[in-house]
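Trainee: Residue strings, one per chain:
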Amino acid sequence: MSAPHIVTIRELSKVYRQGEINVVALNNISLDIAQGEFLTLMGPSGSGKSTLLHIIAGIDRPTKGVCRVQDIDLTKLDESGLADWRNQNVGFVFQTFNLIPVLTAFENIELPLLLTRLSAKRRREQVNTALELVGLAERQKHLPRQLSGGQEQRVAIARALVTDPKLIVADEPTGNLDSNSAQEVLGILQMLSRQIGKTVIMVTHDPKAAAFGSRSIHLEKGELTN
Amino acid sequence: MTTVGFIARNALRNKRRFILSVSSVAVSLFLLVTLQVALRELTNPINDEGSTLRIIVRNKVSLAQPLPARQLPTIERIPGVAAVTPFSYYGGLYKGDEKFTSFAQFAVDPVRSFDLLSDAKVAPEQLKAWAADRTSAIVGRKTAERYGLKIGDRMQFTGQIYPCDLEFKVAGVYEGTADDRNVFFHQKYLDESLGDPGTVGTWWVKASSVEEATLITDRINKAFANTSAEVRAETERAFQLGFVSMWANIKILIGGISMVVVFALLLVTVSTMSMAIRERFRELAVLKAIGFRRRDLFAFILAESFGLATLGALLGAGGAWLLYGSIDMQQLSNGMFLMFEVTPQMLALAFSIAAVLGLLSAAAPMLGVARTSVVQGLKTLD
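Chains W and H supply the protein sequences, listed in that same order. Under this note's numbering, think of the first position of the first sequence as 139, with each following residue one higher. Under this note's numbering, think of the first position of the second sequence as -16, with each following residue one higher.
Chain H extracted, bound-state conformation:
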């Protein structure tokens, strides 16, 4: 027999309680990790390589307000601007989807847009075919796979924001961005369908260098100050964080739930460990009598408590990591979650909580053992 074996035997003496305790830690930490992943997914914008160079220009009044198409030459002339494209969110409902389409559709300039989306990889002949056909579109790989779309297939959309329905021919498939789901089509096609209103949703601008990006936002804002369509230019990161700020209450809510989960878990584990040690007080007194020191008994209790919490963390947090790494959450959540990735930081958080849990739940029993003399312990009833 080894000391580790002795600790394991003690931990497993009441198997049902052991399984239930480990399960409670595992389920709680699984839930905690899931909440953390969801929170990250909802509040942490996806950044790709090109995002540091991109600037988004929108109407200063609101994102929903369009911008005049005539602003294009003015933006193009601003020093440091490498490329500009209109970027209008169409927001159509794809044929077959009843309430919600999991991918966005944007009207852009087919020649310049892929200059801006530098991370997107698409075959040059497909890009060429797209530019040549005004009713064609480039589709993200994930959307193409999800709907089984091939080049030449047609996609029909019902307008939800704009009063027009559109039909595109798939000219190409792109991939390599953080979100390979979008569909890009010609701004001109949207304009024609709407009766050429002379507006765009937003402008997407590519800066010639990262250093220039901040300067360009100021220049663009100033260029349209005191005009009938004042703009708000900001880096892509700032634009995304604007969306994130809308989730503030969700963050507090998820944070609150996470704290409650951890606290409930603490109570359960402390109670379990106290119970497990209390019913062994007599045995611990016998161990003391035969020569085990107080610190040996502390080590036994701590090891048992740590073991229980760590096993729970392995099953809960490790299980979450395995599960979310093996399922397509994007498909399961109908596109709401893209990555649903358990990060090393989240695993570290879960295991840290388990460690603290192990320590705290051992504290009360250790105090009891420290306070009880051998003689008192031997008088304890079984």
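Only chain W is shown next, with the shape it has when bound in the complex:
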């Protein structure tokens, strides 16, 4: 029996208005993503892959269509509802890491937990678990500037994991890394999908990176090509 779908997308479109011109970023996309899947979104620049990722992650809204994640129609949630939903259900990994430079690795990972009602002790435990999972327990007191790019991205993955979300979205997570660090990061994302059952959706240009995924889909001019 196949795994239940965590993401269900039907006839989804996104149109941006740039001055007098309408730019179609996504055109009538329908897609299902299974729980625990490591899906890679590929395609040339401007193909709409990041837009699709943003809509699935609840940080952008479609112009029309349905995007259901864990049976919740994201288009029906208001701004605050989406924020709460993201905190509980999505972990973000960005190309430029986006760690807060004045916080240590530990504190960066702890940040999403400040929105929960967990005690300080429980928070500490969760952060330590996430740090161990990405292999950075000994670097917890380091500031981002004291870490290498690969280590920074591993901290970002730990931050994405710490609230134990079902879904992890990664937008070109290896774009700023050397090949060794990229391998490490991709290995962690693969492990999260295979061993812990997280659903990982990753945008990438790199076919080698895409090879780490369990399924790859291509977008071109806002449409799925396979």
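The set of hints was computed from the structure by calculation and includes no laboratory data. Any given hint might turn out to be false.
[To be verified] No more than 30 Å apart at the CA atoms, straight line, and that leaves these computed lysine-lysine pairs for DSSO-like: (1) H:K362 <-> W:K214; (2) W:K359 <-> H:K362; (3) H:K362 <-> W:K279; (4) H:K171 <-> H:K43; (5) H:K(-2) <-> W:K279.
Fair warning: this is a prediction, and the values are worked out from it, not measured in the lab.
Fit chain H to the given chain W structure using the hints.
Mentor: Chain H only, in chain W's frame:
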């Protein structure tokens, strides 16, 4: 990590800018409080307990015009008058002072004057000694301390208004009034030195009750209407406010400077906060992405802005309060300022301005954050 700790880390991420911003608020509010204290000192007459009963009678033409000494019995007979004394400003230059003497000298009736100056405390034997010796004087405690004067010491004055130099023997020291600096001596001594001109500077009258005070001023004015020396009798408060009205332009000037200070401060703080938030747009977008709501980010910005302004107010206004409470401004200003006191109202004004400043300087960044979506924010360059 706590939310407060997170806000503090953000505020302190650029320490130099933080220190300069807090300093600009602190210095501006220090200046504002100082201006307010100076304004109050210059325009708010000191009132003591007895001032509600005292009436000052001066020549209707001008304060500089003397009054005939013969008016005394007429004033004494007016109903409600409890005591009268001549009160003539001598305005001498004390030996050693080159241009300005920081205390006033008044020629009075030694027997009746301390009836009027009911707040002044002086030992009865000193008062008695003063009354017995026409060339003696009673000196305010602050002046005695400033010049190291003891009973029996002599004080020499050069006349600046009257064409006579005077020398007094210190018979006593008084204290307990709002301004313990003055020197009181015998009107008769001044009269003798001037060749008995039969005039006094002003009359100071004590009313038998507060209710009577207003009635007495009318009675005195009427008593000398259509005489060769018409008078203007008014309560001590009205007399002092007459002096205050002369400071009108100073009030406008200080008020204007205060407004400019506050406005400049506002521009500086708004600019600083805008800069601080603008360079963190991407981070704020990340916070939004990981679940912080718009109102959480507003709270962070507001708290940072408030914190900066409040810390500035604590240093500036609090610093002024501590400084002016610990230094002798009277001595430093050569007697120009007596109290130089930072009142709770002034502190409240400074902290209110800081609060408004915190609010206004957070407004623009908050608007920016509200208008920017997560996706737009993430595209912002570092």
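Trainee: Run every hint past the structure and note whether it holds.
Mentor: Status of each hint after checking the structure:
The hinted pair formed by K362 (chain H) and K214 (chain W) meets the criterion: a straight-line CA distance of about 25 Å does not exceed 30 Å. At most 30 Å may separate the alpha-carbon atoms for a hinted pair to count; K359 (chain W) and K362 (chain H) meet this at roughly 20 Å. Using a Cα cut-off of 30 Å, the hinted pair K362 (chain H) and K279 (chain W) holds, with the two alpha carbons roughly 29 Å apart. At roughly 24 Å between alpha-carbon atoms, K171 (chain H) and K43 (chain H) fall within 30 Å of each other, so this suggested pair holds.
As the CA atoms of K(-2) (chain H) and K279 (chain W) are separated by approximately 21 Å, the hinted pair is consistent with the 30 Å bound.
The earlier numbered hints are all upheld by this structure, with none contradicted.
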